[in-house]
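Chains as they are written, first to last, in the numbering used here: chain A, 1 to 479; chain B, 1 to 246; chain C, 1 to 1002.
Honestly, the hints are just simulated from the structure, not real lab data. Among the hints, erroneous ones may be present.
As the list claims (entries may be wrong) - No more than 27 Å apart at the CA atoms, straight line, and that leaves these computed lysine-lysine pairs for DSSO-like:
| id | chain 1 | residue 1 | chain 2 | residue 2 |
| --- | --- | --- | --- | --- |
| 1 | A | 220 | B | 147 |
| 2 | C | 440 | C | 100 |
| 3 | A | 221 | A | 309 |
| 4 | A | 221 | B | 11 |
| 5 | C | 923 | B | 236 |
| 6 | B | 122 | A | 220 |
| 7 | C | 74 | B | 122 |
| 8 | B | 96 | C | 80 |
| 9 | B | 147 | C | 74 |
| 10 | C | 74 | B | 66 |
| 11 | C | 577 | C | 406 |
| 12 | B | 9 | A | 221 |
| 13 | C | 756 | B | 236 |
| 14 | C | 413 | C | 208 |
| 15 | C | 725 | A | 346 |
| 16 | B | 66 | C | 80 |
| 17 | B | 122 | A | 215 |
| 18 | C | 631 | C | 790 |
| 19 | C | 297 | C | 725 |
| 20 | C | 441 | C | 452 |
| 21 | C | 208 | C | 179 |
| 22 | C | 80 | B | 122 |
| 23 | B | 66 | C | 923 |
| 24 | B | 122 | C | 883 |
Here's the letter readout for the chains.
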Amino acid sequence: MSATTAAIPDDMQNVSGYMAEAMSPNEEPFREPLILGNPSMHDVSRKIIDIIEGKVTGKYLATLAVTATLAIWGIICTGYTIVTGIGVWGLNNPVAWGWDITDFVFWIGIGHAGTLISAILFLFRQKWRTAINRSAEAMTIFAVICALLMVLMHTGRPWFAYWLFPYPNQMLMWINFRSPLVWDVFAVNTYFTVSLLFWFTGLVPDFATARNMVKNSVAKKIYHFFSLGWTGSTRHWHIYELAYLIFAAISTPLVLSVHSVVSFDFATSVIPGWHTTIFPPYFVAGAIFSGFAMVMTLLIIAREILNLKDFITLKHLDNMSKIILATGMMVGYAYSMELFIAWYSKNTYEWATFYNRLTGDYAWAYWTMVSCNVISPQIFWFKKMRRTIPVMFIMSIFVNIGMWFERFTIIATSLHHDYLPSSWGYYSPTWVEISIFIGTFGIFLTLFLLFAKFVPMIAIAEIKGVMPNAQPHHHEESH
Amino acid sequence: MFTQATDRKIKRIAVWLIIAIGVGFHIGYFGLHNRVTDVGYRPQQPVPFSHKLHAGDTTNGGLAIKCMYCHTSVEVSAHSPVPPTSTCMNCHIIVKNESPRLLLVRNSYENNTPIEWQRVHKLPDYVNFNHSRHIRAMIDCSSCHGKVEEMGVVSQESMLTMGWCLDCHRNPEQHIVPARPISGIFTGIKAADYASNANIEIAPPISITSPEFGSTATDIPPQVISGIPTPKHPGKGPENCSACHY
Amino acid sequence: MPSSVPSRKNYFKSSEIFLNPNAIKNTNGGEFESLPMNDEKSLFDNGVSRRSFMAVLSGSMALVAASCRRPDHKLVPYVKSVEYQIPGIPNYYTTVFQHKNAAHGLLIRSSDGHPTKIDGNDLHPISKGKSSAFAQATLVNLYDPDRMNRAKINGGDSTVNNALSHIKGAVLSSIQDGKSVRILIDEHCSPTFSKLISEIEGKFPLIKFVVLPSVFADGSAEAMLKTTGYDGEILPNLSLANTIVSVDNDFLGTDKFAVYHTANFSQNRKPEAGKAVMNMLIAAESTLTLTGANADKRMLLSPAETDAFVLGILKEIIAAKGSALIGSDVESAVANVQTTPNSQFAAKELLKAGDKAIVMVGAHRSVAANAAAYAINTLLGSIGSGKIIDPNAAIPNSNCKYPAVKELREELKAGKIGAVIFANTNPEYTADRELNNLLKKTPNRFSWSLYKDETASIASVYIPTTHYIETWGDAIAPGGIVSIQQPIIAPVNPTSQSVQELCLNLAKLLDETFLPEITGYYDYLRANYKSNFPDKQSWEKTLSDGIIAGLPASVSVNLSHSSAGLAQALGMKEEMKFDGLIGCVSLSYSLGDGYYSNNSWLLELADPITKMTWDNVAVMNSATAVLSNVKQGDIIAVAGNHGSVEVPAYILPGMADGVVGLALGFGRTSSGNVANGVGDSAYKLFGANESIGYYPIKVEKTGKISVLAATQNHNTIDDDREIIKETTLAELAANTENSSGIIELPISLVDNYTYKGHRWAMTIDLSACTGCNACVIACQSENNIPNVGKKDTANGREMHWLRMDRYFSRTSEGEESVEVSFQPMFCQHCENAPCENVCPVAATTHSPEGLNEMTYNRCVGTKYCLNNCPYKVRRFNWFNYHKHDAEPSNLLYNPDVTMRMRGVMEKCTFCVQRINHAKFHAKDQGRSQVVDGEVVTACQQACPASAIYFGNINDKTSKVVESRKTVRGYRVLEELNVRPSVTYLEKVRNREAKSEMSVHHG
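Construct the entire structure; sequences and hints are all you get.
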């Protein structure tokens, strides 16, 4: 026991050494620290492992109870839909996709920030990511699980959904590779698999730490299994870092590809309001936008409930606010550009659709989207706002709402008024679809809470790497 | 990267996982799809009727009654119906009219209550299989039903799956059995006359062409069997969905 | 019964393959155990690919597990095979449908012994191979599970014989105490039934038959009676007319002969750039009817102005032609009539056309107006044999109906009636309150009817009657063509009997000496035609033809009018003094008078004008709505002098100010589970001797709001999307370029597919189409399309593969002068189908013959194809809509078309089942190509206007190719380069100026 605990600092030397080479040579001395309260290496491990070992607080249990209830309710409604038929939803002839696909795109979008934070920011050596990347990746995986549920449920015969996979069968039938939905199946599944492996790889050393530190024998066994016999030897660290780097490299293009492919569902169609070349970048920006907002929501809650103020500092939140501001303006640009092109193209149907978005039956959805996604984030121009927790929390919620409405606007509003006025209609959801959407939130939050309790939710090894005393020239600076 | 122990552990788990998934998929797929699993289905019929006896070869005690004698309308209709009781009674009003095995048949005939036969070959309702199309292409009954005249109790010979259909539609020359005398299709001679011409001359095995589906299949001049024109050679079958699903 | 009627017992068994779950498969061959089982071997003889080999192995492996799960199906053959009955091959039988006194010759498809499709008999002069939506939909009532299957005495079950003898007792007793018996029958046109009636009335002086129609329209008959002495109407032949002035006469819509009129009318509405000639329809009306919708010039008249309008025309005509033909006292009758610009315009057009012109006034309007019309037609010379109004084309039993009913009233008041029998009549629902109360007072009331209807509930004895497809009979059409009505199926409900049968049996019960040699109505009918068809052959020939030409020798009427009578008739104007709103009560387009209301096809069939389903609405224009301060969907109480109805308000352009339109046929309370409580009955507004027409009403809001189950809602299109194209005759004539208007877009990354064999395509002539909805029901019947009910229709989930799109366009002449255009919309079978490449599982694909195929059993229901369809013609099964099909309504369906389950997409297939059968037939004859006209789609077969062409465009001689050559041709949304296979031909209106399409409504 003691031997292994003693081993940790040595490993850390390796890590910090590796990190030290990797990071830019001249650190500005006045840059504010990423970890507050200047804890020792051991304190860090202790503090994070304590979350796992420590007693479950009433606050935690209460939250879990609520989310679990929502999750179960959502699952019940799902079952009801499967048994009765998809007609229990509000969908109708012009609008055959409504909340189901809106939610799907919404959740996929949420997932993106996770990969962005863990992969891209890692490749760019953004050290501030270390505190949040673990939970961000977790978020990705759980979000994609919700997305997959929605996309499965939106089929009229979910029990035949396996037909969407290419496999040899007695019908001698192949899937239609021209269909964007098939691309989706591949894209999303790849994304899910890679994210999962990436996440797990990052977890291996921390499972080892947990294995070493937890008292409970059962927990020890489990962590022992998942730590894959990690000893922390230099060889392990080298292989680990290499693997981590490779996964980061694989996931990076996925951040762009997945949501681009999702946007093809709409961009390759003939429906005005869907048939738009701007969609891929527009969707990716939107995804990162909403993803960061969700990360922010979760972390603000997490640092309150689990008391991680020292690791998830205002600086992290500040940086995220900046990204939200930037991506928010990107989607804003996309909205205006869509509108401009619709007008400029002089295409009757195109313009009719967009005019209808601004003024039609669903105008409220459009303006909700604009005010939440474009107007309100402007507040982040002010540093003070980027550092006031309540403001950031409310903003992050706003953005999530706004982004949900963006997808709703694109899907429902384009469908309910398309080419032939004779087939125009209006769509409003039933309690079933609403319940299922709420249910996905339940599933998502439940999984996240469980993750926070049973998995080291902050990358111990990495965070040690960015601690002041992990820097080689730390002592010189200190006096 | 791992310790030996874990390595082994992982490998073992992986192998078992793969096996489990493989078997699960196999059973799941072929087991749960009834229509795939019906090969060899051989229910007992209410009346102990033997095709071997009625349609079997005369050399070993069969009566060599042509299929078409009972299964009429197979040339013209989508269905090849089970004959009405009256068809049985055509002969059995005299032949073996005391036999206890035929009690059910006689009752049916007298009380006008139909015999409920067990169905052997069953396609899903969304498949529009048409017997007459295949018969008129000189495709023998046995191509799908096997040598029924050698069966006591009829059993399902072919899988009757979509893949099985398509195999034949794509390369008929590998699967089709040309019309045989016993089936009695398109020899143009009434069933009654078969007794007199037991060994009526039949066309040489048909040269099965594989023209592209569309129009050409029926443009080949008809072949003549003992003075009676038969339908065209079987070409490739259609492969588009609405040929069978509508 | 002749062999054309398979015995019901056999038929049920033959077609039924049922499931027996608890039977366990037994592979033990019993005494045949010794025989070898040689599956594997013979399988390999046939040569099996590796994949299938795997399948067999694992299959037979899983067989062990699966063996007990294999559902145990039974095969149930006939006991004795039925003549002409080959399992799987439908037979076609002719019969005739009596729509009141209008005979519609029908051709009925009988699949494995049960009728599955109704179409027109092409030999019949009225239907000419076409059929109305109404006639086709009566098939639903045949299999309606709500039909009573037991006779009832005082509510208790009984047998028909007991019930009849019970009736006999009552009849005898009332005859004994000198009271008479009345049998109330519906309008009919059956000579044999008339003969039977006269024989019975001759035998039993106190028994009398009274025709009690659900709707009275005596105006024209009475005008005829007054002027010429002929009590009846004449069926005009519009194919000869170049100019038609229709005054409140909906001959294309609610008329009993609408199919006949539509065929004749549309025949002259297909002008081409080469020969730009077509007839002109001028419609003067106060509500927006189908006739008005198809008019070239529509005049909006307040009901009170009608008489003046027609008389005004008469005055103009007299001024032009003199009154020599009709006598001078007519002149004085019209002397002090003010002519209006409208009447002058109409007169001008009429005079232009000379004897090729006709004025038609609604039979329910005043005698004066109808007489004036007669006078005008006489002056124009359009009356006479070989002319539009041919005295030989007298409509049978079209005499005035009021007198007999008035007499009945008096007798009832005087208490002279001892017993009354309601034979397929439903006064409790249709008649006015006064007559009802009188009828309720009669001591004995008996009901013979198809359903246990409202009247049956006030009758002491009820006997179920048969559907017309189940009974023998005959019908005579205008022009004296008799058709034999033969049963296509033995009564689905064995206890039911036809009214004729019941009359005969009752008469025989009352007096066994009555027609002793006749045993049943069939004998009576056969005896009636014995002289014409002595032998079986000629009789069966007649049955298969469906008509007996020129029998009896054509019923010519003498139309020599008396000038005095005419003048007197011209004086009989209707008193119309309205100070408030005017209620206009008319027949429903879908349900007619409501006799067949328990019919989901008809209830879900969108009204051609309002597009409403599952409800009747109070139709009014926006001004009227504002006036009485109601909004779209407000449930309002429309109160007349005799009753009030509660219906939702529906705001519709093209209505006269202050006029509120109401449809009959709804608000049944005792018809069946489908129709009960749907809408409210406008019959309640009628007082004594009142029927369809105009009545003063008051409108009050009830405060309740209704969800309007309309298949199309109002949407203003104020952009230039050219979905429906219109032109005028003048423009067409001016058009010199003689090429099709279709743009062939060259844009394609890959080479175009070349269609080797057939290439199917369709053309719709919007100019001929009148929007009568016959195609919609034909499609539903042929393709087993389910109904979804009111709630889902309101949510835009109706399943009709073929929908009738309705567009309004405003002319420059102001707010209410709208024009209506119809566009049948269904799968366009695009060559570049957007739906095909988005389906992830390839469930919708393109056939080598240009069809866009939908494979239901492959569909997983992503609905992506529906989203990506620019025409939104795909239909999704949101629920399992067939789950609640009760016996015997499951026999309604076409065995050639798959029943769709929930969660799959469906759409128009161009009737691929018919295409395939036609190809089979061609191959059997050694042809590789189907000849033109061999494939007829269901919609095409039904279309009375013959506006649909379907065929193979690789056959350059085909009609469809011909029809696409015209300059009127265009394809909807062709700018998307989806390359639809359906070509639409521009609608042409016969007028000079270009119609200004300023505003469209969807």
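Structure-based check of all given hints:
Restraint check for residue 220/A and residue 147/B: not satisfied, since their Cα atoms lie roughly 67 Å apart, outside the 27 Å limit. With a C-alpha separation of about 25 Å, the suggested pair residue 440/C and residue 100/C falls inside the 27 Å cut-off, and the hint holds. As the CA atoms of residue 221/A and residue 309/A are separated by approximately 30 Å, the hinted pair breaks the 27 Å bound. Distance restraint check for residue 221/A and residue 11/B: the Cα-Cα separation of roughly 19 Å lies within the 27 Å cut-off, and the hinted pair is therefore satisfied.
For the hint linking residue 923/C to residue 236/B, the alpha-carbon distance of about 14 Å falls within 27 Å, and the restraint holds. Taken as a hint, the residue 122/B and residue 220/A pair is broken in the structure, with Cα atoms around 58 Å apart against an allowance of 27 Å. Straight-line distance between C-alpha atoms of residue 74/C and residue 122/B comes to about 10 Å, which keeps the hinted pair within the 27 Å bound. For the hint linking residue 96/B to residue 80/C, the alpha-carbon distance of about 20 Å falls within 27 Å, and the restraint holds.
As the CA atoms of residue 147/B and residue 74/C are separated by approximately 23 Å, the hinted pair is consistent with the 27 Å bound. This hinted pair checks out: residue 74/C and residue 66/B have alpha carbons roughly 24 Å apart, not beyond 27 Å. A C-alpha spacing of about 25 Å is found between residue 577/C and residue 406/C, which places the hinted pair at or below 27 Å, so the restraint holds. Between residue 9/B and residue 221/A the alpha-carbon distance is near 14 Å, which keeps this suggested pair within the 27 Å criterion.
Taking the CA atoms of residue 756/C and residue 236/B, the gap is near 15 Å; set against the 27 Å cutoff, the hint holds. Of the pairs offered as hints, the one joining residue 413/C and residue 208/C holds, with about 17 Å between alpha carbons and a cut-off of 27 Å not exceeded. In summary, the hint linking residue 725/C to residue 346/A is supported, as the alpha carbons are separated by about 21 Å, within the 27 Å threshold. This hinted pair checks out: residue 66/B and residue 80/C have alpha carbons roughly 21 Å apart, not beyond 27 Å.
For the given pair, residue 122/B sits about 64 Å from residue 215/A by alpha-carbon distance, which is inconsistent with the 27 Å threshold. For the hint linking residue 631/C to residue 790/C, the alpha-carbon distance of about 21 Å falls within 27 Å, and the restraint holds. A C-alpha spacing of about 18 Å is found between residue 297/C and residue 725/C, which places the hinted pair at or below 27 Å, so the restraint holds. Of the pairs offered as hints, the one joining residue 441/C and residue 452/C holds, with about 20 Å between alpha carbons and a cut-off of 27 Å not exceeded.
The suggested pairing of residue 208/C with residue 179/C holds, with an alpha-carbon distance near 11 Å, which does not exceed 27 Å. With a CA separation close to 24 Å, the supplied pair residue 80/C and residue 122/B stays within the 27 Å bound. Restraint check for residue 66/B and residue 923/C: the C-alpha separation of about 25 Å stays at or below 27 Å, so the hint holds. About 23 Å separates the Cα atoms of residue 122/B and residue 883/C, which keeps this hinted pair within 27 Å; it holds.
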